Amino acid sequence: MIQLLAFYLFAALTLAAGALTILSRNPVHSVLWLIVAFFNAAGLMVLVGAEFIAMLLVIVYVGAVAVLFLFVVMMLNIDFAALRAGFIKNFPLGILLAAVLLAEVLMGVGVVQGGALQLGTPDGSAPVPAGAQNIEAIGAVLYGKYLFLFEVAGVILLVAMIGAIVLTHRERKGVRGQNIARQVARRPDEATVNMQPDVGKGVSL
Amino acid sequence: MTQFFQQWMPYEWAWGLATLCGILLIAFPLMLAVAMIIYVDRKIWAAMALRRGPNVVGPLGLLQSFADGLKVMLQETIIPSSTSKALFLLAPIVTFTVALMAWAVIPFNGGAILADINVGLLYVLAVSSLGVYGTIVAGWSSNSKYPFFSAIRASAQMISYEVSIGFILICVVLWAGTFNMNGIVLAQKSHVWLLNGFVFNPLLFPMWVMFLISGMAETQRAPFDLTEAESELVAGYQTEYSSMAFALYWLGEYANVLLMCALNAVLFWGGYLPPLDIPALYLVPGWIWLFAKIFLFFFIFSWVKATVPRYRYDQLMRLGWKVFLPVSLLFVVLVSGWLMYTGHFA
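Going line by line, the protein sequences match chains Z and G.
Read left to right, the first sequence gives residues 1 to 205 (my numbering).
Read left to right, the second sequence gives residues 206 to 551 (my numbering).
By construction, these hints were calculated from the structure, which means they are not laboratory data.
Remember, predicted model here, so these are calculated numbers, not experimental data.
Among the hints, erroneous ones may be present.
Pulled a few chain Z residues facing chain G out of the computed Cβ check, cut under 7 Å [to be verified]:
hint	residue
1	I59
2	V60
3	Q133
For every residue, glycine included, the Cβ atom is placed at its ideal position computed from N, Cα and C.
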């Protein structure tokens, strides 16, 4: 009963927040609705017994990715009129993308309905393997069965990270950078001078 | 508690009522603790500056926080006309709610924990990463320069330090072998001879020092309080706030500081276990040990606030990314290597 209520609450909020994400006129509001959607999706994950995935969803997407989105969207000076100008031009492409995504969702639902995958059951109770915790089960699969693919994914991410740093890093000439070690090693007697100048006389350093 | 209520009602209702009672049992004492800890903070700060601190309202000034609360409640709520109203009011609520939420998984005693979930530590990380939204949304919705600068600073700062906190927690989890908070506390029982606590382990002691400093940065306490650096940003993200909305930020900030102190105690200093694994010390209830440890760490937080000058922003970023991140990464390798070598996982 509680699970059913919670499911409909989370599902309805996810859908509503998703709709408001694309309907909001203000991009910052869009990102905030997106965060609400992420959060409710995490709630749905908890309901099917995948609490580890739910926590990762909140930590990674809400805690880091969405903050960066918000960061960028807030910093940019967005011209709303210019954004809407390309609507007609991009409309066919948008429809195509939406159709592809809808087809993917329908295929996924079809596979579950056909019984090929054992996901959660409609009443919200998930088939949890006896005695296996979420984290242990995922760890055993990732670091045992799919170790090679997992490490390849890690290497790809590493290459992408180094690539991003190389592409955005630029060496600038004539910039006076700070040498932290020198700043820390500086002592009062080499930075200050005690003087007692006569009245009316200036100080020369 | 669920069993207690089941005498009179079916399981679902008993569970709901028990959870509600548990939430109130944590939230109300926590609010009281926050009010008193603000007084303690001001007293410590005053003592270190050779002042008297609050000493007028009530005996020894003990009622100062309540007087302040009453004053703030009676003030008019001013919402500047150029703000985004819904978000402007939502932001302090988010900060305050999130500051309370994480307490659900803190074990106060052997069985005294509201939500004994097996991803407890991840839950703390997830909830504490939500806290930044209260600041960002406040800064943006205020539609004013200084709050906005403050919000940008806060988001960069919190993301930077969460990375190193994550690696520090991985070391703890590797040694404890569980994400469950109760399990982490129990794993520290007589960790080094008779000493309860990961902090006495030479490999984990540097991690604790870094966790303490990262905690100060994460809660935006001095010396990392660049988000409300009054010489640069007026009052930071709280500039446009008044009345209860301002008080919610005030309370949320201290609830977060207390949470960081509690995490220090639970993850590194043995939580509700006594410092020494001697039967006589177990006669003292566990929550007294936990509260004593929280109080000790709060004193350290106050001490640092009273004595250390504020960091420059570039120093803050350098500390997070160029010092803490590589060192914590090195310790993940060291700790996991040592544990593999000694056959901890076998």
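Open item on the list: Of all the hints numbered above, which does this structure not satisfy? Sort the numbers upward.
Closed with: 2
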